[in-house]
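Trainee: In order, the protein sequences belong to chains A and B. Quick note on numbering: the numbering used here labels position 207 of the first sequence as 207, and the sequence is numbered without any gaps. Quick note on numbering: the numbering used here labels position 175 of the second sequence as 175, and the sequence is numbered without any gaps.
Because the hints were derived from the structure by calculation, they are not lab data. Be aware that a few hints might be false.
Identical chains blur together in the list; that is why a pair holds if it fits in one copy or across any two.
Calculated cross-link-like contacts (lysine to aspartate or glutamate; reagent style DMTMM-like; alpha-carbon spacing at most 25 Å) [to be verified]: (1) Lys187 to Glu153; (2) Lys187 to Asp230; (3) Lys187 to Glu141.
Predicted model, so just to flag it, every value in this text is computed and none were measured.
Number of protein chains: 2
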Amino acid sequence: MTYCAGILVQDGLVMIADTRTNAGVDDVSVFRKLHVFETPGERIFAVATSGNLSVTQSALSLLAEGIIAPGADEPETLDTATSMFRAAHLVGQALRTVKQDIGPALERDQISAEASILFGGQIRGGPLKLYMIYSTGNFIECGADSPFLQIGEHKYGRPILVRSVTFKTEIYDALKLGLISMDSTLKSNLAVGLPIDLLVLRRDKLKSELIHRIEPEEAYFHDLSEQWSDALRAAHTNIPRPPYGA
Amino acid sequence: MTYCAGILVQDGLVMIADTRTNAGVDDVSVFRKLHVFETPGERIFAVATSGNLSVTQSALSLLAEGIIAPGADEPETLDTATSMFRAAHLVGQALRTVKQDIGPALERDQISAEASILFGGQIRGGPLKLYMIYSTGNFIECGADSPFLQIGEHKYGRPILVRSVTFKTEIYDALKLGLISMDSTLKSNLAVGLPIDLLVLRRDKLKSELIHRIEPEEAYFHDLSEQWSDALRAAHTNIPRPPYGA
């Protein structure tokens, strides 16, 4: 399982992904699921993946080799895409191609070929965007009303984002809320695990401001989890008990 | 969809259930999913249901009519069950019987016959118990280490319970935490909705202390939701921003 979240606020984009993959509970590994591709000053993309690892890895490789659109001569890559919309379309095409190629064989073995991707970034002269791309190649775009998207095991970490993140949230507060959301997920589902990869990309900078991996022993994340537990305890203690009954 | 939670603490048992059922998004109704059967001083049972409504309603009717165990002459009901374990077994048998009866026909129409039940209560002379019963008739019992069980759309409301409920939590605090958990679910999934039914049963009293329905206009629940939002905001504001980057 996996949990990845992308938060698109006024100041920029935050992306967070765990690194745990498992084939059953006795075959657990660490794999990077957040990938950043940047040509500083020109373009930057971040891809966070969820679902069948062989499918998402193959899709990324295909994307690197380039995809020839119907009627085109030259393969198109993220480096040549002329807009974020066009780039998201390419990522979707890569995912769909791999799923069509390997899906039927996987299904015969009752293995899901499902996968999904959060794709964010900016190309010089164009807007900063965040998309959720499905394995059939279609995608939705993150908007200011609900300024975040999630893939994987998304439910445990959703309430804090629903209640607290707005488009005006400061970007490092958005990162903090994303980490609280990740911590709520870690606490509830063993299939999501540390280390955590994260990216902070400020709007129009065309260059990552922060790429960081939170290792299990990191003090800030550990303290965040403890402080959040304490704060929740204080929060519900301050709410009056139900007025019913005794 | 549905969300029901049962919390079994030192003082007693809390059960909470929403009332929304839907067949598609354009066919939404209110149905009671929390049912209390009590003979004060003698025995009390609470049943919260999730899944296919025709299956759970039929299982409850079957349970009321009585189930004849292999080799027995007389039908057995919750009124005649000699222990909570035996009563849970009966509920499981009722669910399995209905599923076996109607399941194949439903599956041909691609409708799930899955259902699950939270079953709690106490019989005079025996202990207070809480079980989660699956549609195949098997069940698990709630213990003091994780003093709650959930059915239905359980993930959104899980983090607050995981972090805050212990066996020693006071019973009306457990109710409050259950309502916060319900509110987190309501905020994230339209298929879970008000009114909310709830039961408070104090250990060894053999009589419900509180049976209540929270209607949409109720002030306490509305305020709880607002106060929880405010408290969460304060809680994360008090946690330092991540020390990385700018």
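Trainee: If a hint holds in the structure, say so; if it does not, say that too.
Mentor: Results of checking the hints against the structure:
Taking the closest pair of Cα atoms, Lys187 and Glu153 come within 25 Å of each other both inside a single copy (12 Å) and across two copies (18 Å). For a Cα distance limit of 25 Å, the shortest separation of Lys187 from Asp230 qualifies both inside one copy, at 15 Å, and across copies, at 23 Å. Taking CA atoms no more than 25 Å apart as the test, Lys187 paired with Glu141 passes between copies only; the shortest distance there is 22 Å, against 29 Å inside one copy.
In the structure shown, no violation is registered for any of the earlier numbered hints.
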